[in-house]
Amino acid sequence: MKAALFIAALALVGCGHALPGNAAAHGNLVVDTNGQDPRGDRQQRVAAPLVVLIEDARVRAIDPAHARTQWVLPLAVTGHPVANATLVYFPVRGHRLVAVDRIHGTVRFSIDLPGEALTGLAASERWIAASVVGGRRGARAELVALAAHDGQVRWRHRSDATLGIPAVHGTVVVVPTGGQVAALRLTTGRELARQDVPGGDQLERVVHHRDAWFVGGGAQWVELGQGGRMHTLAGAQAPVFPRVSGIDPGHDDGERLRLWLALAQHAIARDAIMLARRAVVALRLDPDGRPRRARWVHVEEQGELVAMEVLGDRVVLVREDGAIVTLDAATGAVSDRISGGDPVRGALVLGDSGERRDTTPKSTTARADLQRLLVDPDPRLLPAQRLALELLWRDDDPKVRETVVALAEGELRSEPSVAAGALRDHAATLTHAHWGQGTVADADQVLARLRERPRAGRSPDALASAIREAAHTGTPEVIEQLAALLLHPGTRAALLVDIVETLAKLRDPAAVDAVATFVRRYHADQVVAYESNALRAAAELLLDHAATPARDDGGIGAAAGERALTALRAVADDPLCEPVLRAFIAHGLSQMADETTDERSKPERPPLLSSRL
Amino acid sequence: MRRLGIIAGVVVLATALGGSPVQAEGDKSVEAVAARLVALFAEPGPTTAAQLRERVEGGVPPGALLVLLDAYRAAPRADLVDVVQGLGAYRGVEVRARALAAWAALGGTDAVAAIAAAADDGEPLVRKLAVALAAAHPSARADEIVAELLRTDPELAAHLAAESGLLVPEDPQ
Numbered sequence: 003m004k005a006a007l008f009i010a011a012l013a014l015v016g017c018g019h020a021l022p023g024n025a026a027a028h029g030n031l032v033v034d035t036n037g038q039d040p041r042g043d044r045q046q047r048v049a050a051p052l053v054v055l056i057e058d059a060r061v062r063a064i065d066p067a068h069a070r071t072q073w074v075l076p077l078a079v080t081g082h083p084v085a086n087a088t089l090v091y092f093p094v095r096g097h098r099l100v101a102v103d104r105i106h107g108t109v110r111f112s113i114d115l116p117g118e119a120l121t122g123l124a125a126s127e128r129w130i131a132a133s134v135v136g137g138r139r140g141a142r143a144e145l146v147a148l149a150a151h152d153g154q155v156r157w158r159h160r161s162d163a164t165l166g167i168p169a170v171h172g173t174v175v176v177v178p179t180g181g182q183v184a185a186l187r188l189t190t191g192r193e194l195a196r197q198d199v200p201g202g203d204q205l206e207r208v209v210h211h212r213d214a215w216f217v218g219g220g221a222q223w224v225e226l227g228q229g230g231r232m233h234t235l236a237g238a239q240a241p242v243f244p245r246v247s248g249i250d251p252g253h254d255d256g257e258r259l260r261l262w263l264a265l266a267q268h269a270i271a272r273d274a275i276m277l278a279r280r281a282v283v284a285l286r287l288d289p290d291g292r293p294r295r296a297r298w299v300h301v302e303e304q305g306e307l308v309a310m311e312v313l314g315d316r317v318v319l320v321r322e323d324g325a326i327v328t329l330d331a332a333t334g335a336v337s338d339r340i341s342g343g344d345p346v347r348g349a350l351v352l353g354d355s356g357e358r359r360d361t362t363p364k365s366t367t368a369r370a371d372l373q374r375l376l377v378d379p380d381p382r383l384l385p386a387q388r389l390a391l392e393l394l395w396r397d398d399d400p401k402v403r404e405t406v407v408a409l410a411e412g413e414l415r416s417e418p419s420v421a422a423g424a425l426r427d428h429a430a431t432l433t434h435a436h437w438g439q440g441t442v443a444d445a446d447q448v449l450a451r452l453r454e455r456p457r458a459g460r461s462p463d464a465l466a467s468a469i470r471e472a473a474h475t476g477t478p479e480v481i482e483q484l485a486a487l488l489l490h491p492g493t494r495a496a497l498l499v500d501i502v503e504t505l506a507k508l509r510d511p512a513a514v515d516a517v518a519t520f521v522r523r524y525h526a527d528q529v530v531a532y533e534s535n536a537l538r539a540a541a542e543l544l545l546d547h548a549a550t551p552a553r554d555d556g557g558i559g560a561a562a563g564e565r566a567l568t569a570l571r572a573v574a575d576d577p578l579c580e581p582v583l584r585a586f587i588a589h590g591l592s593q594m595a596d597e598t599t600d601e602r603s604k605p606e607r608p609p610l611l612s613s614r615l
Numbered sequence: 733m734r735r736l737g738i739i740a741g742v743v744v745l746a747t748a749l750g751g752s753p754v755q756a757e758g759d760k761s762v763e764a765v766a767a768r769l770v771a772l773f774a775e776p777g778p779t780t781a782a783q784l785r786e787r788v789e790g791g792v793p794p795g796a797l798l799v800l801l802d803a804y805r806a807a808p809r810a811d812l813v814d815v816v817q818g819l820g821a822y823r824g825v826e827v828r829a830r831a832l833a834a835w836a837a838l839g840g841t842d843a844v845a846a847i848a849a850a851a852d853d854g855e856p857l858v859r860k861l862a863v864a865l866a867a868a869h870p871s872a873r874a875d876e877i878v879a880e881l882l883r884t885d886p887e888l889a890a891h892l893a894a895e896s897g898l899l900v901p902e903d904p905q
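Here the protein sequences come in this chain order: H and E. Each residue of the first sequence is one higher than the last, beginning at 3 in the working numbering. Each residue of the second sequence is one higher than the last, beginning at 733 in the working numbering.
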């Protein structure tokens, strides 16, 4: 009786309050919200793992440890369910909320939700928070607090702005509202703190992770209380915080394209995992939030994936036929597979999301797996293939990056499909961007050092290291600078060799004109011919480019190859050419002519990289 | 008189920098190429100018280039300034020095540009040439370039002071 009176009093205090879409920032959101629920955290950790499959008109709970069905209920789930250690809360048809016992599958309560449509749910051991569209007295949105054990509404706050998806920790709820986030005490409905979020016009949801609060939308997020710096995942092919635009769309097609981010406290996330229909790509990010290196790749041969959850050292995937695949988070190796049956639209994967112990990449086949992913003609894999291209282009090894160049030039995936065209376009765009694992700042630094011209009193050491580093990290402007250095009269002979070697590694057709000029200009100058082997190396590079027309009938590479061939022939025809160089070029041209004849006699010419993949 | 003396000094300097021209066996020789270049240069007109450009860009032994540059310096042609400008970035010091001297022979802004290029060169002997060219083609800007060069290159300044006789070929009387 006393409890009922207390709840009624709370309801009177809480109900009818407004949650302004924009108000003055106040309080300290992190200090006021942390350390709230150590008991709840412990309960979550010891709760048995469960995978709840969302089918068309029912839900099926699977015990993944024993691969058996725990319970089945006829529920038409319309939104994304949430859970605490004891109950699972399902938004169902008719704007209702059904609470189901996590172990036995018994329905604890079923209630009507306030408002007109659900935006998002969050639950702790004692509380449920729901943001809804519409509400009493024409409210645009409402934030509603319900008791977790019986579903009774404890308080409702009207809002004049659309709310995002809240997060609950202990007795505190944090919700995005307009360009701000507000923290409220669940027991009283009192606003504890409010914080402005820079660029917060696209805030979709709040996430609580190990005493840190993150708010984000799309591929952007902010760690609350840390100066408000907005992190952006550059070139994201999938959303980290999917847009709901006010109404939870449920488990729709968008479930199959997601990006999981390892949200790290006080630092930018370093690891991410992309789910793209049949493919899963685990990657490491650089400090700029750009994909840096592939950790592993997993591709399902049959069926698309509709859910992914990272639980400590495991990645749990749910396939559209209800199959459950568990991967080792460090290597991507399949550690468990439970076969499926009926089709599912999505899933809620519950388990201990404890500390990830080992994040060191261990897969040695990641590069080859990325290259294999690229040649898969399935158009549904396009987002994953775009990411694969970015990761290959970020590789320090120019040989690995050649796959991207080959794709840009149509030597790979030359089929006339829309997806292949889009992939080729993406590759072409990438080849104009920064390559290698270094950050944008690293590439800028290399470029700045390359722009320095040899001068009296200037040490060539910095230039020499920049020339070598350019093969690993750089931008297309590097080619221009290397070309200028090659033709600069003050460049030392030893550096000429380094320049040509770097250009050979980069194998960019844009370098052909400068290299051809170098060879033609000095082919009859014995001093230059004998001061280093740069002339011979340059001629070898031209021979390599000149061989391009034999396998590529169009494009920039072929045109550059023609120019290389013209230059080599002119040099070889000059009787004043340094004799050793002349003999080398003549031999190379003759060998190339023989190879071309051999290839023409074959019924079908192989693509450039077929043997490398 | 003073001007001719300086040009003669430049020629002596440039010759001293270079080695003997490359001798080639076969159908063509350095001399034949040099003669062809000079013949093309001596015949004004867009066609011969284009042929000359093409021949130089195709690569010519340094010995033939030196002959061409001497011819250019004796009778500079503004329509072929790009040829000497290009050779002003040749790796060989002797070709580069003589190309800069030939470029400067056009006088005016071309001389200033050639002096600036010589003063910016990494090779001390070409920087030294900048001083000689500034004396041959005097201007306020040329004086500024030389002053800046001597300020930033104390070794050259000391060298010039010690060998001032070389810089003033004419009798100071």
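Worth flagging that the hints you see were computed from the coordinates, not collected in a lab. This structure is a prediction, so every number in the text was calculated from the model and none was measured. Yeah, the Cβ is synthetic: ideal placement off N, Cα and C, and Gly gets one too. One thing to keep in mind: the hints can contain errors.
What follows is a set of in silico ranges between Cβ atoms, one per label pair, in the way DEER data are often shown [to be verified]:
id: 1; chain 1: E; residue 1: R873; chain 2: H; residue 2: A466; range: 53 to 61 Å
id: 2; chain 1: E; residue 1: E786; chain 2: H; residue 2: A466; range: 33 to 41 Å
id: 3; chain 1: H; residue 1: P577; chain 2: E; residue 2: E789; range: 42 to 50 Å
In silico contact screen, one side only, chain H against chain E (beta carbon under 7 Å); selected entries [unchecked claim]:
id: 4; residue: R62
id: 5; residue: T367
id: 6; residue: A526
Looking back at the numbered hints, which does the structure fail to meet, lowest number first?
1, 3, 4, 5
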